[in-house]
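Student: The chain contents come next:
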Amino acid sequence: MELSQATDEDLMTLVAGGDRRAFDILAKRHLHRVYGQARCMVKRQQDAEDVAQDVFTRLWVYGPKWKTGEAAFTTWLHHVVANCCYDFLRKHTHDTKKVEIDENIAGTEKDQETGLIQRQKKERVARALQALPERQRMAVTLCYFQELTNPEAAKVMDIHIKALEGLLVRARKALRPVLEEMR
Amino acid sequence: MTEDDKIREKLKLLKEEPSAELLNRILTVVPHMAQVAPREEMSGFSLVRFFGEFRYGLAVKFAAIGMVAVMGFCVGHLNGPVSHQDSKIIASMLTGDFGLEDQNAESGFVF
Chain G
36 MELSQATDED LMTLVAGGDR RAFDILAKRH LHRVYGQARC MVKRQQDAED
86 VAQDVFTRLW VYGPKWKTGE AAFTTWLHHV VANCCYDFLR KHTHDTKKVE
136 IDENIAGTEK DQETGLIQRQ KKERVARALQ ALPERQRMAV TLCYFQELTN
186 PEAAKVMDIH IKALEGLLVR ARKALRPVLE EMR
Chain U
4 MTEDDKIREK LKLLKEEPSA ELLNRILTVV PHMAQVAPRE EMSGFSLVRF
54 FGEFRYGLAV KFAAIGMVAV MGFCVGHLNG PVSHQDSKII ASMLTGDFGL
104 EDQNAESGFV F
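These protein sequences, in sequence, are chains G and U. Under our numbering, the first residue of the first sequence carries the number 36, and numbering increases by one thereafter. Under our numbering, the first residue of the second sequence carries the number 4, and numbering increases by one thereafter.
Since the hints were made in silico from the structure, they are not lab data. One or more of the hints may lead you astray.
Claimed, not checked - Here are the simulated lysine-lysine pairs, BS3-like style, with alpha carbons at most 25 Å apart: (1) U/LYS18 with G/LYS208; (2) G/LYS156 with G/LYS190; (3) G/LYS156 with U/LYS18; (4) U/LYS15 with G/LYS190; (5) U/LYS18 with G/LYS190; (6) G/LYS208 with U/LYS15; (7) G/LYS63 with U/LYS64; (8) G/LYS208 with U/LYS13; (9) G/LYS100 with G/LYS190; (10) G/LYS197 with G/LYS208.
Claimed, not checked - Taking beta-carbon pairs under 7 Å as the criterion, some of the chain U residues facing chain G (in silico): (11) PRO21; (12) VAL33; (13) ALA40.
To be verified - Listed next, with one range per pair, are the computed distances between beta-carbon atoms: (14) U/PHE48 with G/ARG56: 41 to 47 Å; (15) G/TYR97 with U/THR5: 37 to 43 Å; (16) G/THR109 with U/GLY60: 21 to 27 Å; (17) U/MET36 with G/TYR121: 20 to 26 Å.
Just so it is clear, CB atoms sit at the ideal spot from N, CA and C, and this is done for glycine as well.
This is chain G alone, in the form it adopts within the complex:
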């Protein structure tokens, strides 16, 4: 069977055995997912890239510990990303107080084409998201950005589904003024 058509779980089993080609395919397949989640959790593009690299480093280094059948690969991957984000935020707690959005999220070159209004909207959403507490931000990212189901997100966050729903209710309440403003 062609390696590029192999399932994530099969590729991960190969990664556990030190297969670099399997790792390449997994990285290409899931980088956007990992980076997207990290980008919502940390403020700067550079930080999100560092988190993404950390995730794939853990995936490779601790690959031999992977056990097939314990969890779906994507659930496990989201869990690793969540842990890497929490670790990063814990190391940079002094940065989390002030909500500063870097130039890249406020507007990259591509955004200049979409106009100033779009850029301002993006900046406002980013600010509102960054103002949420870590766990609420993670819940919003997993459920609304990554579009996981509530049970999946609860599993990733290692919490009860009711706890996740509570986080989402509080997050929605906090985001409501921003959404109203942006109508």
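Chain G is fixed; fit chain U onto it per the hints.
Tutor: The following block gives chain U in isolation, referenced to the frame of chain G:
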């Protein structure tokens, strides 16, 4: 449109593609790192593992033992020493020599 859909729509604004440079960096740097071998499942009692686990939270363990010792000492002193009369009662309870007046009368110990 529900509130959930609105949030989803707004969050789409934040979608960004990771740079190609990041992918290259990951693919060139990471696979050259050493992989961690999975730990063998340990079964049965192992002295090394016991001491390893015992060392976990050692300061708290010693602090708890010390606190219990101090509390025991304080409680002991608060109650005061047992009187001579009480000692006799306790001793008679322990030896079974308790409750009968005529028996105790011989020993001069009357209730």
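Student: Run every hint past the structure and note whether it holds.
Tutor: Hint check:
Proposed proximity of U/LYS18 and G/LYS208 is supported: the alpha carbons are some 23 Å apart, at most 25 Å. Between the alpha carbons of G/LYS156 and G/LYS190 the distance comes to roughly 32 Å, so the proposed pair goes past 25 Å and is violated. Using a Cα cut-off of 25 Å, the hinted pair G/LYS156 and U/LYS18 holds, with the two alpha carbons roughly 13 Å apart. Only pairs whose Cα atoms come within 25 Å are accepted, and U/LYS15 paired with G/LYS190 is accepted, the gap being roughly 23 Å.
Restraint check: the Cα-Cα separation between U/LYS18 and G/LYS190 comes to about 24 Å, which is no more than 25 Å; the hinted pair holds. Proposed proximity of G/LYS208 and U/LYS15 is supported: the alpha carbons are some 19 Å apart, at most 25 Å. Between the alpha carbons of G/LYS63 and U/LYS64 the distance comes to roughly 48 Å, so the proposed pair goes past 25 Å and is violated. A distance of roughly 15 Å separates the Cα atoms of G/LYS208 and U/LYS13; the hinted pair therefore holds under the 25 Å criterion.
At roughly 19 Å between alpha-carbon atoms, G/LYS100 and G/LYS190 fall within 25 Å of each other, so this suggested pair holds. At most 25 Å may separate the alpha-carbon atoms for a hinted pair to count; G/LYS197 and G/LYS208 meet this at roughly 17 Å. Taking 7 Å as the C-beta cut-off, the interface hint given for U/PRO21 holds, the closest approach to chain G being about 4 Å. At a threshold of 7 Å, the smallest CB-CB gap from U/VAL33 to chain G is about 5 Å, leaving the interface hint in force.
Annotation: interface hint on U/ALA40 holds; nearest CB of chain G at approximately 6 Å, less than 7 Å. Look at U/PHE48 against G/ARG56: about 43 Å separates their beta carbons, and that is inside 41 to 47 Å. In this structure the supplied range 37 to 43 Å holds for G/TYR97 paired with U/THR5, their Cβ-Cβ distance being about 39 Å. Range check, G/THR109 to U/GLY60: Cβ separation about 35 Å, and the 21 to 27 Å hint is violated.
Evaluation of the 20 to 26 Å hint for U/MET36 and G/TYR121 yields a pass: the beta carbon distance comes to about 22 Å.
The structure is inconsistent with the numbered hints 2, 7, 16, although it conforms to all the rest.
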